[in-house]
Amino acid sequence: MSGVEGYIYPNEVTLYWSVLIVLYPFITGLVAGAFILASLERVFRVEAVKPTYRLALLTALAFLLVAPLPLVLHLGHPFRSPEMYFTPHDTSAMAMFGYVYLWYLMAVLVFEIWLDYRREIVLLSQTSKGLLRLIYKVMTLGSSNISERALHIDDKVGWIVTLVGIPSAFLLHGYVGFIFGSIKANPWWSSPLMPVVFIFSAMVSGIAAVMLLYMATTKLRGQKIDMCCVDAIAMYMFYIFIIDFSLEMLDLVHRVYEADESFRSLNFMVHTKLYFSQIVVQICLGTIVPLVLLFLTQVAKLEEMARKRIYILSGSLALIGVLAMRWNVVIGGQLFSKSFLGYTTYKMELVTREGLLVAVGLTILPLLFLWALVKLLPPWPDKSLHEAATGD
Amino acid sequence: MSGLKDAGHLFRFAGLFVLAFLVFLVVRSYVVPKSFGEYGHYRGAAIGEIASRPVKFAGHQTCETCHTDIADTKTKGAHAHVNCEACHGALAAHADDPMTVTPVKPDTAVLCARCHTTSAAKPVGFPQVDPADHSGGVPCETCHNPHSPVIGSDSSASAGSNSSAGSSSNAKAAKVGAK
Amino acid sequence: MKISRRHLMILLPAAAVAWKHVLAGTPEDSPNYQMSEHWWGMLIDIPKCIGCGNCVRACQTENDVPDGFFRTWVERYHRTDWHLENPEVISPDGGKEGFPVVQAGEEGKFFFVPKMCNHCADSPCTQVCPVGATFVTPDGVVLIDQKYCLGCAYCVQACPYGCRYIHPTKKVADKCTLCYHRITKGLTTACCEACPTGARQLADLKNPNDPIHEFLKTHTVQVLKPQMATGAKAFYNGLDGSVR
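Residue numbers (this note's numbering), protein chains in the order written: chain C, -2 to 389; chain L, 7 to 185; chain R, 1255 to 1498.
Pairs of lysine-lysine, DSSO-like flavour, derived with a Cα cap of 27 Å: (1) L:Lys11 with C:Lys153; (2) C:Lys134 with L:Lys11; (3) R:Lys1302 with L:Lys82; (4) R:Lys1401 with L:Lys40; (5) L:Lys40 with R:Lys1439; (6) L:Lys62 with R:Lys1425; (7) R:Lys1302 with L:Lys62; (8) C:Lys270 with C:Lys181; (9) R:Lys1425 with R:Lys1401; (10) L:Lys62 with R:Lys1424; (11) L:Lys62 with R:Lys1439; (12) C:Lys181 with R:Lys1479; (13) R:Lys1424 with L:Lys40; (14) R:Lys1425 with C:Lys181; (15) L:Lys62 with R:Lys1401; (16) C:Lys344 with R:Lys1424; (17) C:Lys344 with R:Lys1425; (18) L:Lys40 with R:Lys1425.
Here are the simulated distance ranges between beta carbons: (19) L:Tyr36 with C:Leu99: 16 to 26 Å; (20) C:Lys372 with L:Gly21: 20 to 30 Å; (21) L:Glu44 with C:Ala256: 39 to 49 Å; (22) R:Asp1376 with C:Pro378: 56 to 66 Å; (23) R:Ser1290 with L:Ala138: 54 to 64 Å.
Just so you know, the hints here were simulated from the structure itself, not pulled from any lab data. From the three backbone atoms N, C-alpha and C, an ideal C-beta is built for every residue, glycine too.
For reference, chain C alone in the conformation it holds in the complex (with noise of 0.2 Å):
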């Protein structure tokens, strides 16, 4: 059989988790992380952060609403994904997706969205033409009410929908680290360590995320990067990734003490089939050499153009890591047999439903749907906007 070493059970020669359920960890993980750089500001007062308020919460939209697409295009039948809204089986972890996911959707993102930009809606209602006047005057609800206690009844709800929403946020991702974590037939995934592990890599990921998207569009519109702001989102996210390593490092430690019967098998793997995307990929490149990056910024006086450059090979860095880390999970997790006698090997297909290509485009999507949204509702102060309402 090509591509097994060793002995595995007869039907484990098949990986049934493909590229696309590496994408989802991944995906909702941008979501919870771009959400929790929000809440710095919204719940914490972290006034440094806010150029980015807006455009994290766009983020976090843009990639939720494509994150149910690799899942769906990975199932025998699609079509019957209904069946989890219908009969949910209180018992499976993945059941909850489709509540944790609408939840978070329309009761989190979309309200706290609406309700922050309700004002902006109002006003594109009344101005604009044709098909947006359409749209926009759809997302008012009929209602036109924006007076002074309108809009301050708005920003105490919304106030509340950011509380409610950073333990939503946490369920979102964290429901995903436990999907993996409660399998206890596979004891690369089974660890009470994985939905912590999950949430603060997601937050790394999510945060990395928003400030290079921030660092983009700034430049792409021709104005100044707040270097206060993306100071203080680098800083965020050094201490969130020190706590990141310290969990996969607890992990790692943990697992070569107690050397319980998988070891062997493990251990073999991540030193063969999983050394390039694990050891190179995921920790040296992806996890120290941002870390090491990001603590020259904290302790050394560096100029701007420097710390621009830093921040902007960590964030990436940081991003290649997080994926690679999914990967690593999820690929990783199949590759060994649970005989601990063996392996199998992953052969991603390129064209085909589960392949790269559709990978690489579901990675793609959400730039094109954040595209779309920063034109529908853009984060951004517009100086025309200010004349209508002012000047009417």
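Fit chains L and R to the supplied structure of chain C, relying on the hints for placement.
Coordinates of chains L and R only, in the frame set by chain C:
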């Protein structure tokens, strides 16, 4: 209270949720299969569907209903607990329509070797031979009655037209165990 | 075969009636089968298994198992004295065509282990199914409702024994059904029917006359991966400690 008037848009948003929930409940009552939940969190009708799948192996009790003489021979011999279809393959189709569906007689030169070829991995005490040494490629039924294979155990009944009665001089021990 | 025409005239109608009852598939036609009266398991007697692969072939025939996937398979172990935790195991095409010959004189112990779904009483696979497409029946058999299954493969990941797979064309989960369509009609499973040595025997733990009760009293039995606490109901006699 003026507060409520200024919160009207919030009630509209909440209203969307309520509406969606009601639509969901209606759709659900149509879509969820009626037998779901009958015995547990699954479609109860599935049990009956699975139980109705077609049977391919008839089972030795069915074979013995007609083939009583073979059954008699077998119960007295070493193959007493080897069921008919273990060698003859799945024959429910034949049991269903005995006159039209006629089974192919297995080739003993190939069939018997599967179980009885000597291998040190097999349990000691299980009758094993090296087919080349033992019979030089001659079909096993030349000397052994497949339905009562120990030579001399049943010399009266014969399995097929080409089985010879009595023991042959080729009788290497039937039990060749591992060292 | 020497059956006289007279013989046939008597035997055929009787056989036909008996067979029709056997073929009766719907629960309404088999009023004799009550789920609450049965609790199914399997007894696998390792010292009796000769690795002939009959069971694997019979299962494939009976259940249309696709090539390359296995509802049951046989493993051959070679355990040397120093390596209890690290035996050499092979299962060429699941043991379907038997195993290569081992020459006499090899050190260590060889033996065969048939594997299948353990129809766990506390099954981790039914626990994780998001929609209720796989379940434990009231008579203790773990089944898959292939009309409801999404093909998400979560159950495949959750099974510690590797007995599940996604059917390559139906795109739903598939596995051993303990030949439910046979045992509810008073037949035994295809693998047990085909086993020439009695290494595999269907067991009904709720039937007081089932030989398993006596067997469990007089033999030392194990289940696979007992540390998983799955309530496995495939009982192995003489299971070596090296079996994974």
